Amino acid sequence: MRKNQAGMIKISPHTGPALANATLQANLKNTVGKVLHVHQLAVSEVANWQELRCHAEQVKAHTLARLHFYLQELEKQIKGQGGKVVWADNAQDALDFVVELAHQREIRRLVKSKSMLSEEIGLNEALERERIETVETDLGEFIVQLAGEPPFHITAPALHKSRREIAQLFSQKLGMEPSEDVQQITATARTLLREHFLAARLGITGANFAVAETGTIVVVENEGNARLCLSVPETHVVLVGIEKVIPRMADLAVFLKLLTRSATGQRITSYVNLINAGRREREADGPHEFYVVLVDNGRSRLLVDPVMRQTLHCIRCGACLNVCPVYQKIGGHAYQSAYPGPIGAILTPQLTSIESAPEHPFASSLCGACAEVCPVRIPIPHILLRLRAQAQRAKNGKAARVPAEKWAFQLWAWSMSSPTRYSRMEALLRFLQKLFGRDQGLRLPFPPFSQWLRRRELPALAPQSFRQIYRNRKVML
Amino acid sequence: MKVSLFVTCLVDQFFPSVGTSAIRVLEKFGVHVDFDPRQTCCGQPASNSGYSDEARQVGAHYLEVFQDSEYVVVPSGSCCTMVRRYLPELFTEESPEARKARELAARTFELSEFLISVLKVSDTGARFPEIVTYHDSCHLLRELGIYEPPRRLIRSVRDIDFREMANSTRCCGFGGTFSVKFEDVSVALAEDKVRAIQDCGARFVVATDVSCLMHLDGLMRRNHIPVKTIHLAELLAKF
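Sequences listed follow chains A and B, in order. Going left to right, the first sequence walks through residues 0 to 476 as numbering that gives the first Met the number 0 numbers them. Going left to right, the second sequence walks through residues 0 to 238 as numbering that gives the first Met the number 0 numbers them.
Calculated directly from the structure, the hints in this document are not laboratory data. Keep in mind that the hints are not guaranteed to be accurate.
Below 30 Å or equal to it, Euclidean Cα-Cα: the simulated DSSO-like pairs (lysine-lysine) are [what the hints assert, rightly or not]:
1. Lys28(A) x Lys172(A)
2. Lys119(B) x Lys99(B)
3. Lys28(A) x Lys227(B)
4. Lys227(B) x Lys433(A)
5. Lys9(A) x Lys180(B)
6. Lys180(B) x Lys227(B)
7. Lys28(A) x Lys180(B)
8. Lys433(A) x Lys180(B)
9. Lys405(A) x Lys99(B)
10. Lys237(B) x Lys119(B)
11. Lys256(A) x Lys28(A)
12. Lys180(B) x Lys405(A)
13. Lys433(A) x Lys405(A)
14. Lys75(A) x Lys256(A)
15. Lys256(A) x Lys33(A)
16. Lys119(B) x Lys27(B)
Chain B regions said to be covered by chain A (calculated; three or more residues, Cβ under 8 Å) [as the list claims (entries may be wrong)]:
17. 4-14
18. 23-37
19. 45-57
20. 170-184
21. 207-216
These numbers were taken from a predicted model, which means no experiment stands behind them. All residues carry an ideal CB built from backbone N, CA and C; glycine is no exception.
With the hints as constraints, model all of the structure from the sequences given.
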């Protein structure tokens with residue numbers, strides 16, 4: 000049972016505002032275009048890219064099939080090095096742990112680097128309710144936090160904001176001199192964040208990978224903010240989804256190569272932090288206390304089915320968002336979930352329930368660009384189809400999401416499974432065309448045709464169907 | 000060589016000239032083409048909308064009609080994908096239907112693929128003195144991995160001015176019921192596609208799927224854009 004309230008709320012993709020926002024459309028086109036370009040360059044450099052993808056897929060499949068073993072190994076290693084491991088069944092467990100820890104240590108303000116898991120469990124909101132301030136230290140996260148928005152993208156949270164918008168935001172909220180100079184914008188954030196880093200007693204980070212063999216937590220980043228979060232404060236808490244475990248250090252080489260090139264088009268990120276528990280004797284820095292919170296929050300449910308399980312292969316690179324034509328149009332906020340885009344469309348309904356996000360699997364044209372680019376080869380369109388079938392069966396087996404649609408498909412299947420009935424349908428359609436038709440095509444004034452006809456024409460039925468022509472094929476050829 | 004033509008329901012009802020053109024092209028190269036009038040649809044609309052029972056019902060009928068065919072040729076990348084990749088998955092793995100579907104999948108080809116890979120034909124002798132661009136259908140490209148065959152066939156058409164549009168592999172936004180469920184996004188994607196077509200100066204856009212073409216044509220006609228759609232089979236039959 001899921002204790003998190005998010006599961007009770009029904010969400011559906013909200014496309015209108017994004018499509019109507021001209022600035023957003025321009026920003027999206029511009030930024031996503033650049034990201035796609037560097038991604039393509041970075042991938043084309045690697046001769047064995049396809050082999051690496053297959054390798055990573057196999058490592059993930061192997062690990063998830065033995066997840067309990069690798070998680071126990073990870074725990075053993077971390078504990079052996081003096082770290083502490085906390086198991087969180089659900090979001091609430093994880094939140095309770097962090098809140099309690101902060102209260103015990105009398106911490107009113109903490110620093111945090113980027114973590115999608117923290118968005119998933121609603122960490123900042125939970126801390127805010129307890130009057131504990133969270134300072135987002137990743138520049139993109141810092142920007143969206145300042146704007147009071149959720150991240151727009153898995154790896155580029157402020158992708159939707161232009162330089163001008165960020166400059167305006169900084170001058171409004173931080174009193175920065177009006178300027179669109181990137182140096183000045185980053186310097187403003189840097190000065191402010193530096194003070195927070197030095198004063199913070201608790202740092203929270205996510206993790207890109209957790210190596211079972213060595214108990215190593217891996218955090219990749221470009222700004223050095225994660226390194227400060229995990230080395231300056233006396234306590235470091237790592238939030239990690241249980242699917243992030245990989246067996247050996249040797250596997251990390253493959254995953255790092257796939258991750259950074261897929262995410263930002265970089266050969267390697269500026270910082271790759273490999274953390275083995277906290278400060279040891281005679282070490283000059285590092286936290287005195289080191290906690291790894293292993294969060295399930297619905298993940299283990301996905302292990303049951305080998306097809307759906309592949310959703311957990313995801314390394315959160317965000318490449319599927321960049322190539323997705325739907326994401327390119329509606330952006331991240333439209334999905335109303337921590338995880339947007341194609342991966343969000345399959346992850347959100349599975350981590351919560353299909354009843355709470357029944358429309359997400361339908362927000363895709365099934366073009367397959369996501370599966371093609373995915374560095375760990377998640378068959379996203381196949382999983383979307385499975386989820387669509389689940390959505391139609393949902394509600395305790397009660398009919399479909401839209402009863403009329405279900406009846407229409409039943410009628411359709413009935414006519415399409417017999418040549419005689421098909422012929423009758425053919426005749427009926429031609430009758431309807433006479434009734435509602437115009438020269439330019441069918442004009443049926445009811446759904447789904449009316450939705451189509453809002454901004455497009457439908458073709459006209461041919462005067463004679465192919466089969467009618469074929470019956471008289473001597474005339475034809 | 001004997002080939003069963005699966006024209007697809009859309010071609011049958013809306014675009015019969017795609018079917019007649021496919022026959023013309025295939026027969027030119029000595030293929031005996033058979034059209035079984037019991038055929039209806041492959042079940043894709045239901046399968047893509049999550050109605051597995053309904054898709055299975057139609058898929059079973061499809062199997063019955065085509066199970067004895069030597070080759071099945073389909074003038075659609077999308078319907079061909081349904082038959083090759085999704086039809087076998089509709090049935091329990093060990094069932095006789097699943098076995099039949101897997102065997103049939105191996106004998107099913109999209110038209111351009113069949114011409115290039117099986118018949119080894121890259122020039123149908125067609126002539127078309129127009130500026131033409133090609134839109135990649137998502138399923139043909141990414142599910143079946145077919146990029147070059149339609150292009151080779153188009154390039155060999157006499158007097159044709161073939162131009163690649165920007166982002167030819169990007170979805171046109173049709174996506175079956177997606178086109179009405181997310182009508183606004185669907186149209187926005189079609190608008191991008193139409194702009195790319197116009198920008199390359201083409202007067203005709205050719206594709207292997209009437210579904211994409213119907214979508215683009217629907218938007219272009221509504222907006223009085225003077226670009227015409229033409230299915231690959233129709234282009235190749237211009238001899």
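Outcome of the hint check:
no., hint, result
1, Lys28(A) x Lys172(A), "holds, 27 Å"
2, Lys119(B) x Lys99(B), "holds, 27 Å"
3, Lys28(A) x Lys227(B), "holds, 27 Å"
4, Lys227(B) x Lys433(A), "holds, 25 Å"
5, Lys9(A) x Lys180(B), "holds, 18 Å"
6, Lys180(B) x Lys227(B), "holds, 26 Å"
7, Lys28(A) x Lys180(B), "holds, 24 Å"
8, Lys433(A) x Lys180(B), "holds, 27 Å"
9, Lys405(A) x Lys99(B), "holds, 28 Å"
10, Lys237(B) x Lys119(B), "holds, 19 Å"
11, Lys256(A) x Lys28(A), "holds, 27 Å"
12, Lys180(B) x Lys405(A), "holds, 14 Å"
13, Lys433(A) x Lys405(A), "holds, 26 Å"
14, Lys75(A) x Lys256(A), "holds, 27 Å"
15, Lys256(A) x Lys33(A), "holds, 20 Å"
16, Lys119(B) x Lys27(B), "holds, 13 Å"
17, 4-14, "holds (count 7)"
18, 23-37, "holds (count 5)"
19, 45-57, "holds (count 12)"
20, 170-184, "holds (count 14)"
21, 207-216, "holds (count 3)"
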